[in-house]
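All chains should be modelled from the sequences, with the hints used to inform the complete structure.
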Amino acid sequence: MATDRGHDARPAPSAALSEHEFRRWYWTLEELKTLARALGVATSGRKADVTERIAAALAGRRQPSTTRATTEDVIGSTLSAATAIPPKQRATQELRRWFQAEIGPSFRFDGHMRAFLADGGGTLGDAVDHWHATRGVELPTQSDSLEFNRFTKAWHRAHPSGSADEARAAWARYRALPTDQRPPVADA
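For what it's worth, the numbering used here labels the leading residue of the sequence shown as -16, then goes sequentially.
Simulated from the structure, these hints should not be mistaken for laboratory data. Hints may be right or wrong, so weigh each one.
The list that follows gives simulated cross-link-like pairs (lysine-lysine, DSS-like), each with its CA atoms no further than 27 angstroms apart [claimed, not checked]:
| # | residue 1 | residue 2 |
| --- | --- | --- |
| 1 | LYS16 | LYS30 |
| 2 | LYS16 | LYS71 |
| 3 | LYS136 | LYS30 |
| 4 | LYS30 | LYS71 |
In structure tokens, the structure reads:
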């Protein structure tokens, strides 16, 4: 369905959507959770996880697993440089305290450290070395669930004198379009 602006009209989130049409649009987490409930899909986890489960349900595919290890299932409570990091380890307050004791008060979980922990396979001592080695290195690409953050950073680079209100208005226009009809961020 086309509008007078030449763009497709955004459909309502519903079980009648095809996977393709569903993926063309930006959906808020609340919209995703409402649709997930209507489809009988789990609403837990990250926005990207809920999106994938909905897409699978709309396409009639088996849904990705919703199991996620808890901190207790992942890393022990006695931490040392020799402690092995299992895959999918999350950044916890216990780990933050340990890293701050080892590295100092400047320690923060950033994209490099979160990725290192999630990959697993090393030790906490390796993680300390990794933290020092990645200071000043560009962070990895943000996940799809942080689309607003990526947009506003790119928009402000393209419009250095633009205000926060202008960036939010540009975001609203941008996210209202299907993904295949969005202009480059600099033109939004």
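Going down the list of hints, with the structure as the test:
Taking the CA atoms of LYS16 and LYS30, the gap is about 9 angstroms. The hint holds against a cut of 27 angstroms. For the proposed pair LYS16 and LYS71, the alpha carbon gap of about 24 angstroms is at most 27 angstroms, so the pair holds. Simply put, LYS136 and LYS30 have alpha-carbon atoms about 20 angstroms apart, close enough for the 27 angstroms limit, and the pair holds. Distance check on the hinted pair: LYS30 and LYS71 sit about 17 angstroms apart at the alpha-carbon level, within 27 angstroms; holds.
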